[in-house]
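Participant: Protein chains in written order, with the working numbering: chain A, 1 to 101; chain B, 1 to 309; chain C, 1 to 394.
Just so you know, these hints were derived from the structure itself, not from any lab. Careful: at least some of the hints might be erroneous.
Label pairs and their calculated CB-CB ranges [unchecked claim]:
| hint | chain 1 | residue 1 | chain 2 | residue 2 | range |
| --- | --- | --- | --- | --- | --- |
| 1 | A | Lys87 | B | Gly251 | 57 to 63 Å |
| 2 | B | Gly251 | C | Lys49 | 35 to 41 Å |
| 3 | B | Ile4 | C | Gly193 | 50 to 56 Å |
Predicted model, so just to flag it, every value in this text is computed and none were measured. A virtual CB, placed ideally from N, CA and C, is assigned to each residue, including glycine.
Here is what each chain is made of, one letter per residue.
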Amino acid sequence: MAEIKKKGWKELAHGDVLEAGTAAEFETGNWRSERPVRDMNKCISCLICWINCPDSAVILKDGKMTEEFDLKFCKGCGICAKVCPPKIQAIKMVPEKKSGK
Amino acid sequence: MPGIKELAKREEQMTGGHRLCSGCGAGIMARQVLLAASKHKVICTSSTGCLEVATTIFPYSSWKVPFFHSAFENSAATCSGIEAAYQALKRKGKVDKDIKFIAFGGDGGTYDIGLQSLSGAMERGHNMLYVCYDNGAYMNTGIQRSSASPRGSHTTTGPSGKVSYGKKQYRKDLTEIMASHHIPYAAQTSIGNWRDLTTKVEKALDTEGPSFINIFTPCRLGWAYDPAITIELAKLASDTHYWPMYEVVNGEYKLSYKPKEKKPYKEFLQLQGRFKHMLKNEELVNEIEEEIERRWNRLLKLCGEEVQQ
Amino acid sequence: MAGDKVARTGNEAMAEAMRQINPDVVAAYPITPATEVAQLFSQFVADGKVDTEFVTVESEHSAMSACIGASAGGARAMTATASQGLALMNEMLHIASGLRLPIVMPEVNRALSAPINIHGDHSDTMASKDTGWIQINCENSQEAYDSIIQAVKICEHPDVLLPAMVSDDGFIISHCMEVIHMLSDDEAKKFIGEYKPERFLLDVDRPYTLGALDLQDYYFEHKRQEIEAMNKASKVIVEVGKEFGKKFGREYGLFEEYRMDGAELVILVMGSTAGTTKTVVRELRKNGIKAGLLKLRIFRPFPFKELSDALRGAKALAVMDRSDAFNSFGGPLFEDVRSSLYDLEKKPLITNYIYGLGGRDIGLDAIKGVYDDLKKMTETGKVEQVVNYLGVRE
Numbered sequence: 001m002a003e004i005k006k007k008g009w010k011e012l013a014h015g016d017v018l019e020a021g022t023a024a025e026f027e028t029g030n031w032r033s034e035r036p037v038r039d040m041n042k043c044i045s046c047l048i049c050w051i052n053c054p055d056s057a058v059i060l061k062d063g064k065m066t067e068e069f070d071l072k073f074c075k076g077c078g079i080c081a082k083v084c085p086p087k088i089q090a091i092k093m094v095p096e097k098k099s100g101k
Numbered sequence: 001m002p003g004i005k006e007l008a009k010r011e012e013q014m015t016g017g018h019r020l021c022s023g024c025g026a027g028i029m030a031r032q033v034l035l036a037a038s039k040h041k042v043i044c045t046s047s048t049g050c051l052e053v054a055t056t057i058f059p060y061s062s063w064k065v066p067f068f069h070s071a072f073e074n075s076a077a078t079c080s081g082i083e084a085a086y087q088a089l090k091r092k093g094k095v096d097k098d099i100k101f102i103a104f105g106g107d108g109g110t111y112d113i114g115l116q117s118l119s120g121a122m123e124r125g126h127n128m129l130y131v132c133y134d135n136g137a138y139m140n141t142g143i144q145r146s147s148a149s150p151r152g153s154h155t156t157t158g159p160s161g162k163v164s165y166g167k168k169q170y171r172k173d174l175t176e177i178m179a180s181h182h183i184p185y186a187a188q189t190s191i192g193n194w195r196d197l198t199t200k201v202e203k204a205l206d207t208e209g210p211s212f213i214n215i216f217t218p219c220r221l222g223w224a225y226d227p228a229i230t231i232e233l234a235k236l237a238s239d240t241h242y243w244p245m246y247e248v249v250n251g252e253y254k255l256s257y258k259p260k261e262k263k264p265y266k267e268f269l270q271l272q273g274r275f276k277h278m279l280k281n282e283e284l285v286n287e288i289e290e291e292i293e294r295r296w297n298r299l300l301k302l303c304g305e306e307v308q309q
Numbered sequence: 001m002a003g004d005k006v007a008r009t010g011n012e013a014m015a016e017a018m019r020q021i022n023p024d025v026v027a028a029y030p031i032t033p034a035t036e037v038a039q040l041f042s043q044f045v046a047d048g049k050v051d052t053e054f055v056t057v058e059s060e061h062s063a064m065s066a067c068i069g070a071s072a073g074g075a076r077a078m079t080a081t082a083s084q085g086l087a088l089m090n091e092m093l094h095i096a097s098g099l100r101l102p103i104v105m106p107e108v109n110r111a112l113s114a115p116i117n118i119h120g121d122h123s124d125t126m127a128s129k130d131t132g133w134i135q136i137n138c139e140n141s142q143e144a145y146d147s148i149i150q151a152v153k154i155c156e157h158p159d160v161l162l163p164a165m166v167s168d169d170g171f172i173i174s175h176c177m178e179v180i181h182m183l184s185d186d187e188a189k190k191f192i193g194e195y196k197p198e199r200f201l202l203d204v205d206r207p208y209t210l211g212a213l214d215l216q217d218y219y220f221e222h223k224r225q226e227i228e229a230m231n232k233a234s235k236v237i238v239e240v241g242k243e244f245g246k247k248f249g250r251e252y253g254l255f256e257e258y259r260m261d262g263a264e265l266v267i268l269v270m271g272s273t274a275g276t277t278k279t280v281v282r283e284l285r286k287n288g289i290k291a292g293l294l295k296l297r298i299f300r301p302f303p304f305k306e307l308s309d310a311l312r313g314a315k316a317l318a319v320m321d322r323s324d325a326f327n328s329f330g331g332p333l334f335e336d337v338r339s340s341l342y343d344l345e346k347k348p349l350i351t352n353y354i355y356g357l358g359g360r361d362i363g364l365d366a367i368k369g370v371y372d373d374l375k376k377m378t379e380t381g382k383v384e385q386v387v388n389y390l391g392v393r394e
């Protein structure tokens, strides 16, 4: 992960000003012990997993589901797999290898 | 009312990379509120709490919209100040955009320490939406009891023990307090129902004047449950009548969701560590269930719905 | 209204200054003896004399919170308060300065509870001395009026960006009618200029986060910036005071030296008591006694260097505190003055008088008695009593 160089007090913007959306630089994927895997043959692109993800880790393309998850952010909570409609069950949680990613 | 496909076309206003717990309900709440709001230019404030702390650890902010935090008890007052600045600067021609204002607060920052500030802002009629994300305790400081904590729940300042079953009191009904301010829009919703949540946020933001939404938001850490069931648990809260979803539009009550079949409150309890100690206390569970039904039936009457005995 | 000589109470003078500033947002809550300031201002709003958004908040905590929101939003924001109101704001005072928001607040000095009391002493602003606010203390209505106008310019200076409170003594000044010289509305407007913040929340196309969580790795740097702003504020205060003097004939600095030429017996005091002291000094000088007065105007930032320079020639110094610090070693003004003198090779004998708590009157005789004490000190070369309580019944 690209570490933001820490500025000294003379360089920092005054008064705790922080640019918008910079957390996109921060990796939380390394918290994960399980990762979601999507079966695109089963997925009906209902977007329920997307709307219920706390970490903006479900990736859409042109308003449709893709196979990928944003593993930089995904913390492996498993909500996506759980909210996938019972008759579809397109997402499985699989353990991360011990070495990490 | 936005469909999910419509929401998916909108720009996300909250990035990943925040430090909320894995499976955190507040993350889902904030994303959905911002998606629903994203057809407007919005400015957000938040009281001190998990949402604020975990999304703005310097130098990383998850907020793509202007975001402001000052203290714990004053999200509403602070937001009302920005809204007043907007009215003044717009009048003077220094700001030309149409902007909406959303103040966030947890239940501690809203039901308890921020109640006065919220009441004041609502009474003054600022054009702003206040969103309370209710997870039933002071989670950011480590799961202390709030006036939103459910009866019988174990918290770190209202623990269960040899002579206590945890919190003795029922939760305060904040949405009712807000409705009593006779603001044009007050509602209760849940992250268990994205459609209801996003619809209500859109309605609130389209309302001229102050509006309030109370959002049921499970906390995996404070409630001690498997994070995968965050949404399921939120649904159960409504299916057991514990957390009714309704709205009060210009004084008119309207029920937003009626479960086909009411589920026993115990189903909601048994999935959470915070209630583990009281599962065998049937007398207590029954007593609570009765109170839940009394409140539910009262709400049905207010909504003009038929009360089933 | 053209610049003119008018009769105004302290509160009216403060409200007139606010009218001429015409802030974008005023959020205020009633509290004796400052209530009138907001009350008079609300009438200006009602009569269309200002185009301010007036927010009638439900507490002083919310008043300061709303001002903080408004200021962060990009507005020029003001409130007015006193005593318990200032105490209730305390948490937010630190946040206003920490977020570098140039809010200006007229403040009317009143004793803090308990016991409850509504009259003037300095315990309220002294309890806020370490909040990162600039503190300007005024002797009379004229100074209060002039200082509020100047404060806007000082606070919004890019080297400063700090909030300021401008105080006068409750009832003694706030409710006392005096003749003051006012600027014309146009002069006041031109002097303070337009507020153009570099970043502001309502600039939605340049979104940013303000008030983020600063942990071990950034808090210190942001606080260091704030300290630097306070360091630089002294210079700006003097510059603005000079500019004001050049334009309107009343110059202001960090403090006023009254008959300090060759003064050996010196009283250092803030607020309305300076006026009483001036009368005593004039009389003593007539009798050949080398008495002088140093009236401190700027308590924060504290003018350590300038003050020690000014007191270099004094033989005995009495620091007058209208509040106590309850530290068992004198009042807050005494602490800072005494510390300022530490590096002087030849220090004056120094003593402290706690006086006027809860609005207890202080007359010419009491001040005269202090000069007598100072005289005795120079004769014996000793400070008999470091901390004295002036005007309390034993």
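Participant: Each hint: holds or not?
Facilitator: Results for each hint:
no. : hint                           : verdict
1   : Lys87/A - Gly251/B: 57 to 63 Å : violated (42 Å)
2   : Gly251/B - Lys49/C: 35 to 41 Å : holds (37 Å)
3   : Ile4/B - Gly193/C: 50 to 56 Å  : holds (51 Å)
Going down the numbered hints, you'll see the structure goes against just number 1.
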